[in-house]
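All chains, full assembly: derive it from the sequences and hints.
What follows is the residue order along each chain.
2 protein chains.
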Amino acid sequence: MRRREFSCAVLFAAVLVSLVWQLGVAAETGQVVSPQVHPDRRVTFRLHAPGADRVEVRVQFAEGVQPMSKDSNGLWSITLGPAEPDIHVYSFIVDGLEIADPVNPSIKFWRTSKSLVEVPGEKPMFFEEQRVDHGVVHIHKYGSKSLGITRGLYIYTPPNYKKEPDVKYPVLFLLHGSGDTEDTWTVVGRANVIVDNLIAQKKTAPMVIVMPYGHTPAGTVVGLDNRNTAAFERDLIDDVVPFVERNYHVSSDRKNRAIVGLSMGGGQSVSVGLGNLDLFSWVGAFSAAVQDQEEYRRLLSDPDSVNARLELLWVGCGREDFLFDANEKFLETLKAKKVKHVAHITDGAHEWRVWRRYLNEFVPLLFKTDK
Amino acid sequence: MRRREFSCAVLFAAVLVSLVWQLGVAAETGQVVSPQVHPDRRVTFRLHAPGADRVEVRVQFAEGVQPMSKDSNGLWSITLGPAEPDIHVYSFIVDGLEIADPVNPSIKFWRTSKSLVEVPGEKPMFFEEQRVDHGVVHIHKYGSKSLGITRGLYIYTPPNYKKEPDVKYPVLFLLHGSGDTEDTWTVVGRANVIVDNLIAQKKTAPMVIVMPYGHTPAGTVVGLDNRNTAAFERDLIDDVVPFVERNYHVSSDRKNRAIVGLSMGGGQSVSVGLGNLDLFSWVGAFSAAVQDQEEYRRLLSDPDSVNARLELLWVGCGREDFLFDANEKFLETLKAKKVKHVAHITDGAHEWRVWRRYLNEFVPLLFKTDK
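Those protein sequences? They're chains A and B, same order as listed. In case it helps, the working numbering puts the first sequence at residues 1 to 371. In case it helps, the working numbering puts the second sequence at residues 372 to 742.
It is worth saying that the hints were derived from the structure and are not from the lab. There may be inaccurate statements among the hints.
[To be verified] Short derived list, chain A residues pointing at chain B, Cβ under 8 Å:
| id | residue |
| --- | --- |
| 1 | Thr-112 |
| 2 | Val-136 |
| 3 | Thr-150 |
Nothing here was measured: the structure is a model prediction, and the numbers come from that model. All residues carry an ideal CB built from backbone N, CA and C; glycine is no exception.
Here it is as structure tokens:
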């Protein structure tokens with residue numbers, strides 16, 4: 001195509017886009033627009049499914065399942081909200097089949113694909129990318145000797161990391177949940193964006209964040225078993241920690257090492273952290289799978305020694321979380337053993353909206369060694 | 372849950388998995404198994420959709436659209452193949468609605484979500500992760516002064532990069548297509564895996580690979596217009612190249628710079644590469660959007676000067692590609708101008724199976740400066 005023809009096509013497309021946008025279809029591509037976030041924070045969801053008899057949307061900011069309406073072209077739609085500024089999960093239910101929004105590239109896989117819609121705040125939210133210095137996320141593959149396989153590993157370095165080669169940075173080991181992989185804390189959890197923003201606001205010390213893969217061949221698909229935790233612990237301590245220390249200028253002082261995880265990863269951070277207080281002194285658990293009180297009583301059998309070495313044990317859980325009872329029991333165990341800790345009971349269920357907030361609250365507490 | 376209970380649950384689950392796997396449902400999670408790649412390279416696709424009247428699968432290795440069969444539980448399935456060892460794209464069509472496989476986490480978004488199924492070779496394929504040294508992929512955000520926005524940038528460094536701080540590595544700028552983003556060449560294209568394998572086999576010089584984002588606010592959604600290419604060119608030359616040279620130990624010699632892209636990115640690599648032979652001397656185009664022959668005749672107006680500076684101009688296109696005619700015309704323009712080039716006409720359509728192969732063939736040709 002010649003340049004003149006391009007210009008005409010572009011102009012034509014631009015006019016069509018402005019005309020047809022309001023019908024829910026982008027003229028340039030003929031493609032359905034979904035989701036569409038309005039300035040008043042209401043959200044329109046659309047699905048082109050002329051052959052369907054019933055289409056519903058399930059979204060975190062609306063009750064239950066909401067029926068969508070079909071127009072004469074077979075385009076189903078509904079407008080819901082206003083929604084709280086946040087990253088919300090949604091899915092369509094088409095004649096009983098639950099699917100992600102086919103035209104939305106933002107997907108979180110958790111057993112099945114779900115879609116994400118980001119509703120921005122009036123001011124930028126803590127998880128929104130802002131005009132600040134940005135760190136770097138490094139995607140590694142390493143040979144795990146303890147597991148005999150190659151594994152993925154994500155590592156975040158803070159904005160000034162390369163400019164300060166003589167600084168030994170503190171390290172946060174950040175563990176994912178049972179339905180996640182090593183990229184989920186950055187792709188869905190926005191950990192790098194959250195910590196970029198905290199550092200820019202001087203709310204936290206700059207740190208390196210290590211995000212390993214939490215499932216092992218020893219575990220089940222769900223991964224919530226002691227064999228998986230034990231295999232993960234070996235991989236983390238014998239392979240990941242040495243890999244990080246060979247490749248990054250980080251502190252190897254236990255007072256500069258923290259470990260925290262969500263759900264399955266929260267159970268791992270408690271077991272690995274409390275079980276290795278010679279290596280870690282800051283431990284956190286977000287909506288953690290902490291069912292094994294017998295194990296924790298064993299790990300805490302010498303509470304004085306634990307309290308002497310532990311800088312922080314932070315336990316966050318939402319009241320609507322299906323693991324809330326388990327976390328209550330874990331907190332009772334801590335109280336019974338007189339192990340110092342911070343109980344952070346909040347609203348919210350077992351979901352990323354909660355875990356992004358917890359990370360934003362937990363990180364500023366770390367590596368303040370004034371005792 | 373106590374440890375004993377865990378063991379029982381694990382044993383029970385393992386027995387159930389082995390019993391129920393053949394029914395297409397994993398017992399541990401109750402979840403449908405799809406896709407299932409058999410040792411003979413046939414593939415079974417499954418979808419649980421009791422409310423659907425008709426379910427079909429569209430997959431690259433089978434003709435057209437294949438109807439699936441429904442069992443009494445509403446589980447639709449079909450077994451197809453054997454398939455060539457490759458990464459194949461597929462989707463389900465449920466009463467006319469085309470969707471990705473809800474239970475398969477491997478997704479490629481291109482206007483709509485599609486699923487991927489990897490069929491391994493008897494020996495590992497060139498795009499399969501092998502037991503070799505691995506490079507690192509770095510995820511950057513940089514402030515583009517030319518565009519006035521923050522942009523994403525993926526950069527691959529080869530396995531020995533950190534061990535050789537005095538080496539100035541050659542750089543390949545690798546551009547994506549209109550439906551892609553800066554992560555697609557690694558996530559879907561496996562560029563890092565392919566080059567890891569080539570380096571391990573000593574088929575290529577180690578190199579740094581820079582994968583910028585190819586869309587700009589100046590462009591349309593599709594991005595195939597000269598305004599987008601011009602804005603991208605400024606961002607690449609004024610922002611990306613200096614960013615890379617500030618942050619990586621790379622050569623700034625034009626003989627050590629290559630540029631290649633696919634589809635929209637192929638059009639960009641031709642326009643930016645041939646338009647800046649003071650910066651690049653190796654240029655490649657995979658299934659490229661090279662429609663603007665008037666522009667190319669202008670860029671090639673002094674063929675002797677072009678031939679003197681160009682180390683390689685490599686043009687790959689499949690005969691089934693919808694851009695095949697445009698590439699034929701581009702090759703005619705090159706012939707008419709007597710500009711030296713390599714025409715690499717192959718089987719295949721406009722798809723990632725072709726572009727992974729092209730990358731595997733193109734990279735070993737680079738940075739051999741014996742002239």
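* Does Thr-150 of chain A pass the interface check with chain B, least Cβ-Cβ distance below 8 Å? -> holds (6 Å)
* Is the hint on Val-136 of chain A kept, meaning its closest Cβ partner in chain B is under 8 Å away? -> Given a least distance of 5 Å, the restraint on Val-136 of chain A holds.
* To do: May I ask you to test the interface hint for Thr-112 of chain A with respect to chain B, counting a Cβ-Cβ separation under 8 Å as satisfied?
  => holds (4 Å)
Comparing the model with each earlier hint shows no violations; every hint is respected.
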